[in-house]
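Chains as they are written, first to last, in the numbering used here: chain L, 31 to 416; chain H, 299 to 673.
Be a bit skeptical, because a hint or two may be false.
Below, simulated EDC-like cross-link-like pairs (lysine to aspartate or glutamate); rule was C-alpha separation at most 20 Å, straight line [said to hold, decoys possible]:
id, chain 1, residue 1, chain 2, residue 2
1, L, 260, L, 284
2, H, 339, L, 318
3, H, 339, L, 107
4, H, 420, L, 318
5, H, 390, L, 318
These are calculated hints, taken from the structure and not from any lab test.
Small disclaimer: the values here were computed from a predicted structure and weren't measured.
These are the residues of each chain, in order.
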Amino acid sequence: MNSAQIEIQLIASLVALACAIPGTFLVLRKMAMISDAISHSILPGIVVGFFITQDLNSPLLIVLAAFTGVITVVLVEYIQKTGLVKEDTAIGLVFPALFSIGVILIAKNANDVHLDVDAVLVGELALAPFDRLVVSGVDIGPKSLWIIGTILLITTTLLIAFYKELKVSTFDKGLAASLGFSPAIIHYGLMTVSSITTVGAFDAVGAILVVALMIAPAATAYLLTTNLKKMLALAAFFGVFSAISGYWLAHLLDASIAGSITTMLGLLFLAVYLFAPNKGVIAVMYREKQQRIEVSLLTFLLHLKNHSEVEERHVNHLREHINWQKIRAKTVLELALKNNMIAVNNNVVSLTDKGDTFTSKAIDYIITNEDAQIEDMKDDFFLFRG
Amino acid sequence: MDLQEYFSLVFSDYTLRTITLGTAILGAVTGMLGSFAVLRKQSLLGDAISHAALPGIAIAFLITGAKDSNTLLLGALVSGLIGTFWIRSIVKKTHLKSDTALGLILSLFFGFGMLLLTFIQKQPNANQAGLDKYLFGQAATLVESDVWMMATVTGLCLFVLLLFWKEFKILLFDADYTKTLGFNTKFIDVLITSFIVLAIVLGLQTVGVVLMSAMLLAPAAAARQWTNSLSKMVFLAAIFGAFSGVFGTAISASQTNLSTGPVIVLVASVFVVFSFVFSPSRGLLFKQIRFIKNRRDLELHKTLAFMHHIAETHDDISHPHAIKLLNNFQGFTRKTLQNLVEKKYVTLDGNMWSLTKTGFETAANLYTKQATEDE
Numbered sequence: 031m032n033s034a035q036i037e038i039q040l041i042a043s044l045v046a047l048a049c050a051i052p053g054t055f056l057v058l059r060k061m062a063m064i065s066d067a068i069s070h071s072i073l074p075g076i077v078v079g080f081f082i083t084q085d086l087n088s089p090l091l092i093v094l095a096a097f098t099g100v101i102t103v104v105l106v107e108y109i110q111k112t113g114l115v116k117e118d119t120a121i122g123l124v125f126p127a128l129f130s131i132g133v134i135l136i137a138k139n140a141n142d143v144h145l146d147v148d149a150v151l152v153g154e155l156a157l158a159p160f161d162r163l164v165v166s167g168v169d170i171g172p173k174s175l176w177i178i179g180t181i182l183l184i185t186t187t188l189l190i191a192f193y194k195e196l197k198v199s200t201f202d203k204g205l206a207a208s209l210g211f212s213p214a215i216i217h218y219g220l221m222t223v224s225s226i227t228t229v230g231a232f233d234a235v236g237a238i239l240v241v242a243l244m245i246a247p248a249a250t251a252y253l254l255t256t257n258l259k260k261m262l263a264l265a266a267f268f269g270v271f272s273a274i275s276g277y278w279l280a281h282l283l284d285a286s287i288a289g290s291i292t293t294m295l296g297l298l299f300l301a302v303y304l305f306a307p308n309k310g311v312i313a314v315m316y317r318e319k320q321q322r323i324e325v326s327l328l329t330f331l332l333h334l335k336n337h338s339e340v341e342e343r344h345v346n347h348l349r350e351h352i353n354w355q356k357i358r359a360k361t362v363l364e365l366a367l368k369n370n371m372i373a374v375n376n377n378v379v380s381l382t383d384k385g386d387t388f389t390s391k392a393i394d395y396i397i398t399n400e401d402a403q404i405e406d407m408k409d410d411f412f413l414f415r416g
Numbered sequence: 299m300d301l302q303e304y305f306s307l308v309f310s311d312y313t314l315r316t317i318t319l320g321t322a323i324l325g326a327v328t329g330m331l332g333s334f335a336v337l338r339k340q341s342l343l344g345d346a347i348s349h350a351a352l353p354g355i356a357i358a359f360l361i362t363g364a365k366d367s368n369t370l371l372l373g374a375l376v377s378g379l380i381g382t383f384w385i386r387s388i389v390k391k392t393h394l395k396s397d398t399a400l401g402l403i404l405s406l407f408f409g410f411g412m413l414l415l416t417f418i419q420k421q422p423n424a425n426q427a428g429l430d431k432y433l434f435g436q437a438a439t440l441v442e443s444d445v446w447m448m449a450t451v452t453g454l455c456l457f458v459l460l461l462f463w464k465e466f467k468i469l470l471f472d473a474d475y476t477k478t479l480g481f482n483t484k485f486i487d488v489l490i491t492s493f494i495v496l497a498i499v500l501g502l503q504t505v506g507v508v509l510m511s512a513m514l515l516a517p518a519a520a521a522r523q524w525t526n527s528l529s530k531m532v533f534l535a536a537i538f539g540a541f542s543g544v545f546g547t548a549i550s551a552s553q554t555n556l557s558t559g560p561v562i563v564l565v566a567s568v569f570v571v572f573s574f575v576f577s578p579s580r581g582l583l584f585k586q587i588r589f590i591k592n593r594r595d596l597e598l599h600k601t602l603a604f605m606h607h608i609a610e611t612h613d614d615i616s617h618p619h620a621i622k623l624l625n626n627f628q629g630f631t632r633k634t635l636q637n638l639v640e641k642k643y644v645t646l647d648g649n650m651w652s653l654t655k656t657g658f659e660t661a662a663n664l665y666t667k668q669a670t671e672d673e
């Protein structure tokens with residue numbers, strides 16, 4: 031590994047960390063698409079900043095771009111408040127318009143400089159180590175490293191300083207307001223941080239990777255935990271992991287680093303989406319199946335309780351009567367037998383004492399619908415799954 | 299070339315005619331289908347799909363090795379559909395909200411597409427030039443066969459829309475009711491979503507990934523302000539979309555260095571802003587005017603009611619009172635007093651005012667009317 035490779039991985043990891051923090055709150059606040067909007071609409075800010083300073087490295091560009099990002103949020107909120115269209119439509123109207131203005135400004139006035147729309151959207155991390163910061167003749171490392179490092183430092187400080195406020199205002203706006211910290215200040219603070227992070231990061235990695243790094247790690251983490259601190263830590267971990275493994279994937283395929291990092295993020299999300307213990311698709315499907323069986327079992331027991339006639343309780347008749355397929359009837363029958371709810375004599379099913387008590391309880395619950403009863407029932411239900 | 303020259307050339311010049319027709323048809327079809335996206339609160343779906351189409355384009359190119367635009371669009375369609383249905387399944391199966399799902403699929407698919415594109419670039423035999431036109435769109439690359447294809451798809455869309463109009467409409471406004479009526483909501487839902495994806499994929503070549511979502515939203519959002527009827531909205535959105543296409547092409551053709559896509563989007567945005575401000579029933583301007591008028595009426599009524607209250611304590615309703623008395627009352631302004639005089643409810647005599655008979659009766663009526671309304 032040479033020093034350029036280390037620097038690239040370091041920059042990518044810092045970007046991932048800097049994005050994970052605001053990203054987590056954006057995902058929790060259901061504002062993930064705002065990051066996409068900001069990442070596009072800062073373009074005119076950068077272009078105007080360039081016109082004023084004629085210097086692509088001027089810090090004014092970052093300030094103006096971040097300012098445009100905040101303007102985007104304000105515009106979206108203003109349009110939404112008029113009630114003429116819904117929030118998502120407002121987002122979809124604002125950012126393409128601003129982006130178009132940016133593209134046209136570049137095409138009309140800045141065609142000959144290095145301000146390429148491709149570069150803005152896609153970014154080229156591989157070039158980041160060549161743009162170095164030189165202070166009084168001494169090379170102190172790539173410029174992006176310093177920019178994103180500073181942003182990460184500020185973001186982390188703000189996160190630690192305002193953790194409580196952020197947490198409360200994210201989960202309960204009303205409570206936050208009544209406790210005396212203004213949700214509006216927190217909201218615009220978060221928007222400003224997201225905007226600055228986007229600008230700082232996209233100089234190095236491009237707009238799309240910024241959006242991916244904001245949303246994907248946080249969304250992946252959210253599938254694994256509901257604890258905010260754990261979610262932040264997991265999101266940071268996923269971000270850094272994808273940044274480093276993505277870099278090596280790009281190295282292997284000789285392809286875009288940003289694209290590879292995003293692909294790694296995608297694979298991570300896919301894995302968690304499928305296999306997460308409680309909220310993964312497979313776990314959810316399994317749980318749904320269990321619940322269906324439980325409901326079937328209850329239906330079956332209620333049927334037995336309602337009918338004393340022998341012919342109503344014959345195994346074959348049950349199949350026809352409740353209209354279950356063979357396999358489902360068999361599963362339910364076996365489950366009930368295993369839990370000693372029923373007894374079968376000559377293919378005639380009858381409730382045991384235990385089954386009888388349980389079914390009475392169930393009917394009781396269905397009629398009264400009291401919470402206390404379901405708690406007892408739950409214990410019994412766990413028995414069935416055995 | 300200025301605008302006039304453009305319009306004189308548009309019928310004779312092959313390139314101009316093709317591009318103008320193409321963007322007009324594209325605007326019409328996206329406006330039409332965009333109405334459904336906006337009303338179904340799927341506005342940002344367009345943004346997500348247009349990004350999600352990229353890996354499909356790249357994979358189609360990798361498989362066939364050819365730059366045939368129909369094959370590439372087919373790839374885009376497939377990956378757009380996969381993205382759309384993945385978004386739905388994320389929203390349905392997990393507790394992630396739709397905005398997270400959209401942003402996730404959008405960025406992940408696009409990033410994967412970039413990976414594939416750069417991978418293709420490094421292939422020795424591949425000539426990938428032209429693939430990145432899908433990123434930003436280049437209306438200039440449209441040829442007659444593309445326009446025919448757009449027209450065919452638009453015709454198909456229109457046919458299906460008319461065929462299932464009732465179903466689409468009822469699904470839009472009451473999905474649960476549609477289900478109880480026995481319609482196959484899933485089928486209708488998949489049908490309309492697939493058409494939205496198809497329209498977006500068609501537009502990629504012309505206006506590009508980033509601006510496609512605006513083409514879907516802007517005409518529909520503008521049309522929504524002018525009518526409450528779905529059929530009128532769809533029709534208006536198609537018109538707005540087509541006009542945005544034509545004007546956008548005209549403006550960009552009349553200037554050097556202006557790419558068509560962004561200009562079309564800006565023209566569509568102008569339609570939106572105009573509609574937001576000037577639509578008679580929902581627009582901000584008339585809303586503000588109504589608001590001011592209502593406030594004025596209220597002030598007038600308040601002053602009149604207050605005067606009536608004072609006058610009631612006297613036997614003679616026209617007993618003159620000093621204007622100072624009204625100063626206790628905040629709603630009093632010279633202007634409202636002047637208005638009342640004009641309506642002949644009040645007569646002014648120097649610094650003294652007195653209610654006229656009509657004024658007293660109106661005020662009494664006003665009062666009783668309010669009293670009965672309060673009950």
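Hint check results:
Proximity of residue 260 of chain L to residue 284 of chain L is assessed by CA-CA distance (about 35 Å); at most 20 Å being required, the pair is judged violated. Our distance criterion of 20 Å between C-alpha atoms is broken by residue 339 of chain H and residue 318 of chain L, whose separation comes to about 28 Å. This hinted pair checks out: residue 339 of chain H and residue 107 of chain L have alpha carbons roughly 17 Å apart, not beyond 20 Å. Our distance criterion of 20 Å between C-alpha atoms is broken by residue 420 of chain H and residue 318 of chain L, whose separation comes to about 47 Å.
Among the hinted pairs, residue 390 of chain H with residue 318 of chain L is consistent with the structure: their alpha-carbon atoms are about 13 Å apart, no more than 20 Å.
Hint check: violations occur at hints 1, 2 and 4; the rest are consistent with the structure.
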